[in-house]
Structure formats: structure tokens, C-alpha cells
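Peer 1: With chain A held as given, fit chains B, C and D with the ligands onto it using these hints.
Chains as they are written, first to last, in my numbering: chain A, 25 to 311; chain B, 25 to 311; chain C, 9 to 608; chain D, 9 to 608.
Keep in mind that the hints are not guaranteed to be accurate.
[Said to hold, decoys possible] 20 Å max Cα-Cα, derived PhoX-like pairs, lysine-lysine: (1) K551/C - K604/C; (2) K301/A - K427/D; (3) K54/B - K199/B; (4) K199/A - K54/A; (5) K427/D - K551/C; (6) K551/D - K580/C; (7) K30/A - K427/D.
Simulated from the structure, these hints should not be mistaken for laboratory data.
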Amino acid sequence: MTTNYKPNQPIWCAGCGHFGVQGALKYALKTLDIQPHETMILAGIGCSGSIQNNLGTYGYHAMHGRVLPTAIGTALANPALTVIASGGDGDGYAIGVGHFVHTLKRNPSLVYIVMNNGTYGLTKGQDSPTKDAPDWAPGEDALDAITLGLSIGSSTFLARGFAGAPEQLNELTIKALEHARSGRGFAFLEVLSPCVTYNDTYPLWEAMVHDLDKDADYDASDRTLAFTTCMKLKDDHRIPTGVIYQGDHPTLEKALLEEGARPIAQIDSDISEHRPKLDAILENCRV
Amino acid sequence: MTTNYKPNQPIWCAGCGHFGVQGALKYALKTLDIQPHETMILAGIGCSGSIQNNLGTYGYHAMHGRVLPTAIGTALANPALTVIASGGDGDGYAIGVGHFVHTLKRNPSLVYIVMNNGTYGLTKGQDSPTKDAPDWAPGEDALDAITLGLSIGSSTFLARGFAGAPEQLNELTIKALEHARSGRGFAFLEVLSPCVTYNDTYPLWEAMVHDLDKDADYDASDRTLAFTTCMKLKDDHRIPTGVIYQGDHPTLEKALLEEGARPIAQIDSDISEHRPKLDAILENCRV
Amino acid sequence: MNARTQDLSAGSGSGSATTARDDVTVMVAGQGGDGSLTVIAFLSRALSQRGLDLFRTSNIASRIKGGHAAAILRGSAVRRGCLGDKLDILVAFDDEAIEKAGPSVADDGIVIYDVSRGPLPGGILPPTARVIEVPFGRLAVRDLRRDLFKNCFGFGVLSRVMGLTDDEALDCLKHRFRRLSEEDLMPNIGALKNGFAFADDLDMTTDHGLIELPRLEKEDRIMITGNEATAFGFLAAGGRFFAGYPITPATDIMDWLGKRFPQFGGVAMQAEDELAAINMVIGASLAGAKAMTASSGPGIALMQEGIGHCGSAEIPLVIVDCQRAGPSTGMPTKPEQSDIGLMTQGAPGDFPRVVLCPGTPEECFEYGVLATNLAQVAQCPIYIALDGLCQFTYTVPAFDLDSVEIDNGKRLSDAEISKLGEYRRYAITEDGISPWAIPGQPEGMGLMTGNERNEWGQVSTDPANRIAMVDKRARKIDSIRHRLPGAYEWGDEQAEVGVVCVGMVGDVLAEARERLAEQGTILICHRPRTLWPLLDDTVDFVKNCDRVYVVELNKSGQLAQLLKSAGAPAQKMQSILKYDGVPMSVAELVAAILEKERAR
Amino acid sequence: MNARTQDLSAGSGSGSATTARDDVTVMVAGQGGDGSLTVIAFLSRALSQRGLDLFRTSNIASRIKGGHAAAILRGSAVRRGCLGDKLDILVAFDDEAIEKAGPSVADDGIVIYDVSRGPLPGGILPPTARVIEVPFGRLAVRDLRRDLFKNCFGFGVLSRVMGLTDDEALDCLKHRFRRLSEEDLMPNIGALKNGFAFADDLDMTTDHGLIELPRLEKEDRIMITGNEATAFGFLAAGGRFFAGYPITPATDIMDWLGKRFPQFGGVAMQAEDELAAINMVIGASLAGAKAMTASSGPGIALMQEGIGHCGSAEIPLVIVDCQRAGPSTGMPTKPEQSDIGLMTQGAPGDFPRVVLCPGTPEECFEYGVLATNLAQVAQCPIYIALDGLCQFTYTVPAFDLDSVEIDNGKRLSDAEISKLGEYRRYAITEDGISPWAIPGQPEGMGLMTGNERNEWGQVSTDPANRIAMVDKRARKIDSIRHRLPGAYEWGDEQAEVGVVCVGMVGDVLAEARERLAEQGTILICHRPRTLWPLLDDTVDFVKNCDRVYVVELNKSGQLAQLLKSAGAPAQKMQSILKYDGVPMSVAELVAAILEKERAR
Ligand SMILES: Cc1ncc(C[n+]2csc(CCOP(=O)(O)OP(=O)(O)O)c2C)c(N)n1
Ligand SMILES: Cc1ncc(C[n+]2csc(CCOP(=O)(O)OP(=O)(O)O)c2C)c(N)n1
Ligand code: SF4
Ligand code: SF4
Ligand SMILES: [Mg+2]
Ligand SMILES: [Mg+2]
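If we strip away everything but chain A, and leave its shape as in the complex, we get (with noise of 0.2 Å):
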């Protein structure tokens, strides 16, 4: 039996939101009784980005901003991999909103979780592109990630909770985990996260949220009316939480890896197999 790293004690401060994140991860990863060899958790950097290092399973700390490429890449090499991407909204939203988008036009099937504080907590408190009139321009409306994620056709997943509704968060983060797990393709996941350091908005919030899981007139496979409802919310001062949009569009690696192939993430050692092609494509250069 070989042991591996103790996985590390958070370094949040009490209070902080992620706490909430990590628990429901946990949770979630437990109740689908996922193994911690076969999840890969891939972080971005900020307070949110040390979370891969505190659940025992393989875990990788991205660059800034390109958490996102980062677990496409992943999830290529290693279909058979639970990918599960994480970070802040400074990570996600600022320096890394066009990998955002351009994810969500992919549709690969791997979980992103972004935790949503309103703020660059480890950087000490720069208000993020989530932040309503920011310092640096008042006039500036928060991004609405969600709103976002519906612009864009191929999106397939898109959902909100809070650290301070765990219970709606853990049923997310297991339904994030399926819609990716079953090759439905991108499962986005924000959490309203607050930061008790830097932006305390766990009341502000509280007072806020709007779950729309229990609105039975709600329809999350139809994406106008999701938007329609996020947009007459927003005017309310509230924010919707709950699956928010949920449907089907073909996948980044339906489209590129044939199916039951050996992953490319384990390498053959054994050419012998391909050599016939390898002189194929050489004959095509003699002259």
C-alpha cells in the first residue's frame, strides 16, 4: 500500500465561503462515490485556488487564468479522468473570461466551479468583474456569469448556489459532477462565495438568492425564458441560484476522440503498431 500526500488543512480564513465549496465537493465526490485516483481536480490561483490540495486526490494548481485550457487538455489525454476545474472570479471572469466562453462554445465534458467573492481576496481585496460600480469605475454593472454562459449556443450546464445554502450546494455540485460524468458535456458551476476578509457579502447575499430549483414553473431546458427570468430578477435586486440551464449539445470529445480508444494519456511504449503508418506517411515524401 503506498501512501501519498496528507491532504492540507484549508488556509481560508474562518468564515470564508469556500469552506462551503470544499465541503460540497467533498460530499459529492463521496455520495457518487468517486475514486480520488480517477478525479483530477485542476485549481486556478487565489484563495480559491488551493482547494485541489485539500481532497486527497490528484491535483494541479493552473496558471492564472487558464485553468480552464488547462483541464481541456486534461480531459482530452484522459477521457476515463473526472476533470474538475475550479477557481476565483478574479481568475475565472478577468484574465480568464475568453478561455470562459470559448469553453463553454467547446462543450467538453468536465466540471467548473468558480467561487464568486466579488473580489481578489488573496491578492487583498481589488474588487473582481463580479463587484457592482468597482473603485476603479463606478459605473460598471457586475458580470453575470450565467447570463453570460446562455449567450453562447453550446452551453449545456449552467447553475448557481451559495456557501451559505449547503444543502442546494451539494445536490449542484453532484448534478454538475453528472452532466459532466455522463458526457453531456460542460457542467459551470458558480457559487456565491463570500469573502468575510475582503467583501462580506454573506447577508447582502443571503437576502438576495432566489432558487429557482424550487419554482415550478420554471423550465431550465429552455434558454429564453432562463435568460428572460435572469434579466427581470436582476431588475429585482435578486439572484437566481439553482439549475439554471440545462440541455444537450454535441461534445468537444465525441467530435474528437474516437470512442473507446485508448486514452493518449498512457502512453505505448510499444511502436510496433503504428510503424506501418509512420512508413506510409514517409512514402508519401519519397520523390
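Peer 2: Chains B, C and D with the ligands only, in chain A's frame:
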């Protein structure tokens, strides 16, 4: 009388949609009587990224994908200028899409014209993000920059034209310029501008465009309606054109610049007026 | 009172007698909220008022909040830009502080320990150190209802230990809290006085402290970090646009400018990433504003395309690199000098650039001004290379604002343009610099591009034009070479042994040289202040010495490589390297040089 | 027929007599659609069948479509990796071709000019050149209804000029059009035959061409570009993941792999930008796939953060830099060697990296394999530095696939992991290389990060750990040093004069050396094939020569700087630089060396 560079002859293939964009821009600048020396055209890199050489204005060739932050810098440094950013769909929606999101969010008063041809013309025809079912991942949906724009709460002007409909394009270009020049914010104009060499979509787009400006029931000030309409048209394999959304939101320059102040681009060599303020800063450092 | 002084009148010889000191290093350490930084701030005021020169640094652990925080202050009669080898005084708010800092306490050091959270850990402090145990926390809560006041309480004890008068101590509080209301100030003063009383009980009266500090003539001084001084220089030179993205340890610059720009009409933007930041700066600069960005390793890497582009498109640009321990995210809070290769060689292709490398806050200010001017003059990227000095706080003579001269280079006025007859943005000139109009100026229309282009700015691949343009751009560096700061050189001109270093190592070397001289090892020291182009004085220095030690804070000897690539003879040079994230100490440097000398 | 041959039986001496040639440079030039590249492809087949070695390059102007396109082919009995000094034959489809290429025609050159679009421009060609005027276009339209067929027509004339048999010429068409139907092939053959007939009229029969080429033994050869050969090496070594973003001249690699990967199960991704590309590659690589990216200047600049990160996080990575003329966008279609500083010094901090620098397609293939292996073995970034050679086409001996050995380094099997007892991703080992498990392997869980970390991958700023980790990573380079390709050296070992160059300059130098030897200037030549770490053989080479010329395609002498920084004595070296975007010619290099020698 000092003479300046002789505007270049376009280097585009005969029939390229970009001629249409240039024609409309020339027309609009003339119609609105905007002087060449007050006009700064910035362009990305691509076939599209040579338009700035052809109109006799100030012109700048930005790095690939970076035309928007550059244009923001220019606009803040000198709000008296008419700042026109432009570029291709590769430039704006692939490498540059993160800046696009944040520029929509910031709402600076400048114009952005994207020449969308579904391909990377200059690098010889690779599929771009607006190509449906691209070679490299046949499952992917084309990016729709207008719906993306609708999802950003601070967006104020979203329009689409077609190089094959020059009159409409003239009008839209004028409207975009007016929006930005009147200080209402970021005027985004996407032009369907076919690449006759690598992706000749003239007939396809000719058949698909649907001019919302001609639709009396359509209300471009209603963001939700705009989104719903775009989705419906998409389902019908139509592409909406016209002013798809126009609204109001605080602008970046209002947040950051003092109204009527001397532009920081105009360096004041006489620093004596600042001396007392500098002295005060020094004083504050004394121990 | 359950305090206990251990060895207070025993210890290393002199008993409780007062020791005269003109150089003292004090650390205050505890959890994040304990107020260590505040105590050090009080002390800074006191020592500065005594006319001592100060050097201050803080050590904030990676834990996000709480976690261990320490601040260290050195006060000395002679100006020192680094810490002493050992801690003369340690104020420890908890056992962790003892565990971490205990080994650094001097044999004759004094430790003031807050026993409120637990007993003093044994076996860590040097046995000869004096320990004063005080339950600051408990007493602050008991007497003043809030743990918070323990910093004032602690400072009361500390000021007595250091032989400060009560008035001096009080002045520190009042200065620090000058914006507090009388009401809010009172409990703090109460805590201070409780500290005095506690010290009285230990028989540490004002004229009977453990340490006696001198009173020196005080010149007009300020206290400032390298980051602040650099930003100040930029502002003074007319800098009006900054765009950046948060990153340790560069964020201070954005903050500093963000606070001060509004009254100057300037704009500090927090961009969505470093790519946006550099391009916003480019956009502002090509429109005519004096513009700067600042970042650290990962961010500077992302800016490389933009920096090379400015070199090509001839756009003025100031970039501050607050170097930290790499590679990659590395150790973000630890200093290093390991972006020398990146700054001097990064970005594709050949283009003119300058890398200035200050070693003191005065130089930071001066080069902040110079870089802003040079960028305008040479229309190319100018780096300012900072290291740990960006976060260290120093007392230095107040900057001379009268000495600031502004140079706008070949910026054309409207009148000048209309007299030109013909305006070409990239006109080929003897000095390589093209007169320049900004957008908005009538008759100044031109094209700017990072592609190779003709004089009008029109893209061209013509070979002859290419050669002319590359040569033109290269000539710019020759045209400004005489304005680039030469090395700072000191020590004995007759010395066989030369030492070269840059940035924050300079002050360490200064002190090491003195100590080595006392021991009979004579050095001549050389600190280049322009890294690119490396100036002849540095190459000549190496040539003229018998042997040269190149001291730097990185693994691969990047500075030594730079010297060699400029032609300094390799066989004369040996590297002394440190790359553990901890600034080099004087003792370490002395030992390293002696070891090399002995090994000959 | 309104054709006219001018000077056909006059000109430089030998009249219409057949000249024997074992080295010939032919250019075909015209507008984009004229088929110049096709004619050159026909000719490539013919000359290759004759056993000549080939070198081919094309010149596509910046105009987007149409615009001027030229292809040049050199065939020679001795292998040459560059063009001849002058054009022996020019086939010109329009006057622009004459204007552009005319000055390069040899004094005894032959020009075949299509008069269909206008008369031959005067005063450009050397007066002694022979001109054959043929209205290809007009005749093709008249006889075959399509202008398109003029390339076959032209080739008919050209093959007679070059003394090829009709069967040889026919074989070229058939080989090139082997995938065409008989029906589609016919008109092409018709056009060819019309060309023959036209030549007959000019009395150029098969055994009476103007040039006579040898028939040589033909070894097993392929025709390939540097880009293709590099991609092929990567594929053969088990490379299975590529992500990139279009950029000239690197896009070929993505295309080549994109076409061939599917049958190997590999994935070639077109990313949204270079940041995504490098991070996709990183993601695939850390998951276990052998992965590569390729780009050019601006893209390589954007990848710097990722490259440094791999150096820190110990992730295998192969990066191909297809260097082009910088700085910035520069001249995208023109070759240069000006990213040497960037590759060897770019990215913040110190980390292990390797820069391989091939000079031939065989080396491209070999280093494609080697880089893939070394990346696995050393778990760090490995660059392959290409220059113009990436787009040149060469005949070379067919690659020896049997020689390809795959090295997976310290990748652990499941069984090995379970025997470990304890798995630490960054275990400190003597050779600096940690055995490695990939995600998915039971009991192999570990943490990977670009922050400094302990052996388990847990973030740490402990100074002792830091030193151990930096040293560990640095040791990797020592562990693989013996596997890095040494320089390729040739010439006279007794020579006083040494010449150093890299990449595409190698073949130019080879030929220049021969010519100089004939004139009595004896050289020893040295082409380093590992730029980082620069190996001792190169430093020793400089030391052992009396004087050394460092020849490179950039302005600032980046290679010379690299040599100096590695310890090569500066005073022995002089630079010969070219940076106009045009490859150096043999004549230029000969002249430059002679000039330096004379100036002594
Ligand atoms: C390229 C780069 N730029 C900047 C940084 C500095 N940095 C570290 S974390 C961070 C942002 C953290 O904010 P967020 O992603 O919201 O995470 P949080 O700490 O709030 O959980 C930044 C800007 C970096 N590491 N790399
Ligand atoms: C950083 C960087 N990457 C890649 C390139 C190469 N490049 C030049 S133009 C271009 C894309 C052009 O496509 P688009 O923006 O759609 O413009 P179009 O030519 O279609 O008008 C690319 C990828 C570059 N110049 N810089
Ligand atoms: S600083 Fe904020 S985000 Fe970071 S750990 Fe503390 S509470 Fe959480
Ligand atoms: S290649 Fe396409 S985009 Fe470029 S100029 Fe030609 S038609 Fe236009
Ligand atoms: Mg955050
Ligand atoms: Mg395009």
C-alpha cells in the same frame, strides 16, 4: 501646408467584404464631417487589420486581439478623438474575446467594428469562432457576438450589418459613430464581411439576413426582447441585422475623467501648477 | 502582576546596565491582528526623531488572514539599507514568534514576550538573551477591555527598554493616531501608560533603560518604499496614465497612483489582465499620455509581446518589474533578482530597450523621472528593475523636486508640424529618433505599426528599407547612452578584489565591505545602475580588477552572464548566489567573500 | 507562331551549344494563379529522378490573394541547402517577374518569358542572358481553351531547355497528377506536348537542350520541409497532442499533424489563442500525453508564462519556435534568427530548459524525436529553434524509422507505484528527476504546482526546502547533458579562422567554405546544435581558434552574446550579421569573410 502619408490602396482580394466596411466608414466619416486628424482608427491583425491605412486618418495597427484595450487607452488619454477600433472575427472573438467582454462591461465611448467572415483570412483560411461546425471540432456552434453582448448588462449599442447591404451598412456606421461621439458609450457593429477566397458566404448570408430595423414591432431598447428575437431567428436559420440593441448606461470616461479637463494626452510641460500637490505628497512621507 | 523577568540583571556581563547603541534591530511579531506593524510604526517615529536612519521590512506569511506577521526595524546612526545580522530586541506576541524568530536573536538580545497565550517555549532563545515576560494581552483586556490595546501597552514597555522618554513615546502615538478623535485616542494612551507603569515595576525608568540611543542631527527626511518612490518619480515627471493588474509585490504602485492621480487628472486603471494592462498603456501612450505599467514575473511574462511591439512601433513605455522569487508563481512574497535575462532578452526580435536598476529609494525616484523622460525621448520601452527594495521602507533625504526636469523629446507642437512640409511618423534621422505628432494634431496624420514599415508607417518588406529601419531604431540607444546612469562605485581603488552587485544587494555589500576592511580584506565595489545596455564602465571594472565576485539573488548567475555577454572576461568572475527567498545578510556576504578568498 | 528567340545563338561565347551543369538554380514566377509552384514541382521530380539533390523555396508576397508568387529550385550533384548566387534559369509569367527577379539572373542565364501579358521590360536582364519569348498564356487559351494549362506548356519548353527527355517530362506530370482521372490528365499532357512542339521549332530537341544535366546514382530520398520533418519526429516519438494557434510560418505543423493524427488517435487542437494553446498542451502533458506546441515570435512571447511554469511545475513540454523577422509582427514571411535571447532567457526566474537548434531536415526529425524524449525524461520545457529552414523544402535521405527510440523517462507503472511505499511527486533525487505517476493511476495521487513546494507538492517557502528544490531542478540539466547534440564541425582543423553559425546558415557556410578554400582562405566551421545549455565544445572552439566570425541573421548578434555569456572570449569574436529578411547567399558570406580578413 504639411502633407501626410498617401492613403494606401486596399490590399484585399477583389470582392472581399472588407471593401464594403471601408466604404461605409468613409461615407460615415464624411457624412458626419469628422476630420481625419480628429479620427484615430485602430485595427487588429488580419486582412481586416489594414483598413486603418486606407482612410487618411491617424492609424494604428494593434497587436493581434488587443485592439480594444488599446482603444480604451487612447480614448481615455484623449476623449476629444473619434476612436474607431476595428478588426477581424479571429482577432476579436478568438484571441480578443476576453477584452470584448470587458469592453462591453466598461462601456467606453468608442466604436468597434468587427469584420466577420468566419475565417482567418490572413493566415489562409483556418476556421474562426464564427464558423459553424469548424474543422477542428465539428460539434461547435458559431459564436454570436450580439447575443454575447446582450448578456453583458452595461452594453449600450449592438448592431449588425452586411457588406452585401451597403446602404444599411452606411446607416449603421453612422449610428455607431453617433452613439460613441455623443458619449453614450461603446458602439459595437459587427459586419458580415465574406472572405471570397477562403469562405465565400455571400450567397448564404444574403439569404439569411433579417433586417430588424425594418421590423416595426421590434423594440431595440428592450434587452430581453432582443435576446428572444435573436434566439428565435437563430432557430429559423436567420441572422438578425440592424440596430439590435441600444440603451443607456454610465460610461467609462464619465467614471474616470473630469468633465472638460485638459486631455492627459496633451502633456503640460509647465509643471509649476502641480508643484504644491507634489510638495504635499512629500510632506506626507516625512517622519 | 504575574510578570517575571528572567536574566534581567544577569546575562552577558553588563547586568542591567544600560548599553549605548547607535545601531539597533528590533522585531515585533505575532498573529495578523496583534498589531506588530503598529508597534513598529510607533518605533519608527521615535527613532527617526532621534535622528537615526531607518530600514524597515515586514514578513507576512502566506496564510491569508491571521497567520504570522512580523515587522522589523533597524535604526542606525549610519545609513543602512538592510537589517542587522541578529535581532537586538524581539517583541513576541506568541510562541510562534519565538519559534520562528528566536534563533535570530542576538546573544545579548532582549526578548519581550507576551505570556497571555502560553509559556515561553524553551530551548530556542540564546541562553544569554534577556527575557521580559509580560501578559500584554491579558492586561489589556483586564485594564482596557480590549485585547487590541496590547500594542500600545507593549510599546510602553518597549520604549522603556529602549530608553525613550515618556514624551517621546507619547509623541509617537499622537503622530500615528493624528487622525483619531481625542476620545478614541485616550484608551491607547492609557495602554501606553500602563506599559510605562509595568516597566517602572521592573525598574526600567526613562533614564534607566536597557539600551541608550543617541540623539543626532536630523536632516530633512522622508520614509518611503521603493515602489512608492518609483511611482512618485513617474508622477513628478508628468506620468498621467497607469494600467495594471493586481500582483504581489507590484500592486502598491497601482494603489499609490490610484490615490494620488485624481488631483492630477491622471487615470489608474485596473485592467482585466496584464495583456489588457499593457495594451491600455500603449493606447494611452501612442495618443500622447505619459504612461506606465508595473507587474511581477508572471505578469511581465504576459506583457512581453506588448513590450517588443513598443520597441518595434516606437511607442514610449515605462514598465516596472517588481522581481519576486520565480520561476512561475514561485514564492510571490519573497524577493529575487531573476528576471534579468527576461528583461534584457525577452520578447522576440531585436529592438531598442533600456533596463534601469535602482538600488535606493532616491534612485527609484530619480529613475522614475528618468524612465518617463527617456521613454518620450527614445520612443521605446524603458524598464525599471526593482527587487525586494520595492517593499522595503527606508528613511532617505527628502526628494529634491526642484531637480525634476521634464523632457518631452521630439514631440511636435501644432506649429512645428505645419512648418514641416511633410510629416513622416518614422522619418529616418541621424539620431534614430523621429519627430512625433499625436492623434488630434492637425496635419500630423501618420500610421503606427509593429510591422516593418517605411517612413510613412506603411508596411514594407523591402530589404533596403528594412536595414534602414532596424539601424534607425538601434541608433536610438546610442543617442541616449550618455543619459543612462553609470555604476555606483565605492571602496578602495587600489583593491585587487572587486565586487559587483545590483539593487538591494548594494546596501548589504556596503556594510560587508566595511567589516571586511576591518579584517584586512580590501574591496572595490561596483553597482551597475543600467542593466541594458550594459555600460562600458562595468566591463572595464571587471577588466581592471584582479578578480571579481558577482553577488546576486538567483540561481543561475544572470547578472554574471550579462556581464560576460557584454565582454567582461569570464575567467575573472566568480558568482556568489543566494536564492532561498531570504535577503542576503551582511554576515553571509562577509562569510561568502572570505571563503572565496581563502579558497584561492 | 509569334515567338521570338533573342540572343539564342548569340550571347556569352558558347552559342547554342549545350552546357553541362551539375548545379542549376531555376526560378518560376508569376501571379498567384499562374502555376509557378506547379512548374517547380514538375521540375523537382525530374531533377530528383536524375539523382540531383534539391533545395526549394518559395516567395509569396504579402498581397493576400493574387500578388506575386515565385518558386525557386536548386538541383545539384552535391547536396546544397541553399540557393545558388544567381538564377541560371528564370521562367517569367509576367513583367513583374522580370522586374523583381531579373537582376538576379546570371550573366549566362536563360530567361523564358511569357509575352502574353506584355512585352519584355527592357534594361533589367543582364545583356548576355538568353531570352526565349513564348506566349504561353495565349497559346494555352488558343489550343486548350484554358489559361490554366500554361504551366504544363511552360514546363514543356523548360524541359527541352534543360535537356530532359520527353519521357522524363511526362513522368513528372503523371507523378504530380497521379490522383487525377485520365480525362483530366489529358489536356495537361496536351499542353506539355505543345510545349515540346514549340521547342522543336526553336531547334531545342531532346538531345540538343541548352543545358545538360548529369544522371547520378539515386539513394532512397524524401523531399520535406523543416516544419514537416519536426512534426514527423514528434509523431514518430509518440507525440499525440498538439495545440496551437495559426501563425506564419508555424501553422504548417498544426496542419501536418492535424491531417495525420486521427489514424494515431492523436488530437490537434486549434485553440482560441496562444495562451489557451500552451495551457491545453500543459493539461494534456501533465495528464500523461506527449504534447507539443509551435508558434512564432508574437505567439512565443505570449507563451512565456506557460513555458516558465512548466520549468517550475516540472511538466514535459515541447515548443517549436519558427523564428521570423521581428520585432513584433515584423515581417511575418521573412526568416530571421532573432529569438535566441527570448528562448534562452525569456520567462521570469531560473528554471531548466533546453534549446535544440537543427540545421537540416534530418536534424529536425531527429530533434523532434529527441525533444519528445527529453521532455519526458527531464520533465521540463524543450524548445526546437527553427528558422527559414522550417519552410524550405529539401531532398534528404529517407529518415531511418528504425533508429527511433522512445524514452518515457521515469514514468511509473501501476505496479511500480504500489511498490513505492510512499509517492512524492517532487521527490528529491540525485539526478534531479522525480519518478512520476499520471492522474488515473491508483495510489499515485500527488499535487502539481508552479509555486515553490515540498516533495509532496505542497506549497512551501521554507528556505532550506527552496534551496533543495531549485538545486534539484537545476540538476536535471546535468543529468541529460550527455544526450544533448554537440556541434557539427567541419573544415580544416589547422585553420586559424573559425566560423560559427546556426540553423539555415550552416549550408550557406558549407558552400562558402569550399569557395574560400579555393581562394586560399582556410576555415574551420562550427555549428552548435544545442543553444541552451550552450555546450563546452563551442566555447572551446572559440578558444582554440585565432579568430572567429559569428554569422547570424539578426541585428544584435544574439548568438555571439550567447557564446560570450557562456565564457567564450569576446576579443576573439567578430559578428557577421544580416537582418534584411533575405537569406544570406554564399556570395555574400564569402565577401563578408574576405572583407573581415582583409581588414585585419
Ligand atoms: C498572471 C498573474 N497575474 C496576477 C497574479 C496575482 N494574483 C494571484 S491570485 C489573484 C486573484 C485572486 O482573485 P480570485 O481569482 O477572485 O480568487 P480569490 O482569492 O478571491 O479566491 C491575482 C490577481 C498572478 N498570480 N498571475
Ligand atoms: C499573437 C499572434 N498570434 C497569431 C498571429 C497570426 N495572425 C495574423 S492575422 C490572424 C487572424 C486573422 O483572422 P481575422 O482576425 O479573422 O482577420 P481576417 O484576416 O479574416 O480579416 C492571425 C492568427 C499574430 N499576428 N499574432
Ligand atoms: S481573504 Fe477572503 S477569499 Fe481569501 S481566505 Fe480569507 S475570506 Fe476567503
Ligand atoms: S483572403 Fe479573404 S479576408 Fe483576406 S482579403 Fe482575401 S477575401 Fe478578404
Ligand atoms: Mg475572488
Ligand atoms: Mg476573419
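Peer 1: Hint by hint, say whether it matches the structure.
Peer 2: Going through the hints against the structure:
1. K551/C - K604/C: Given pair K551/C, K604/C holds - Cα atoms ~19 Å apart, limit 20 Å.
2. K301/A - K427/D: violated, 37 Å
3. K54/B - K199/B: holds, 13 Å
4. K199/A - K54/A: Distance of about 13 Å is within 20 Å: holds.
5. K427/D - K551/C: Between K427/D and K551/C the Cα gap is close to 57 Å, so the pair fails against 20 Å, i.e. violated.
6. K551/D - K580/C: Holds - the C-alpha atoms of K580/C and K551/D are around 16 Å apart, at most 20 Å.
7. K30/A - K427/D: Within the cut-off at roughly 19 Å; holds.
Of the numbered hints stated above, those contradicted by the structure are hints 2, 5, listed in ascending order.
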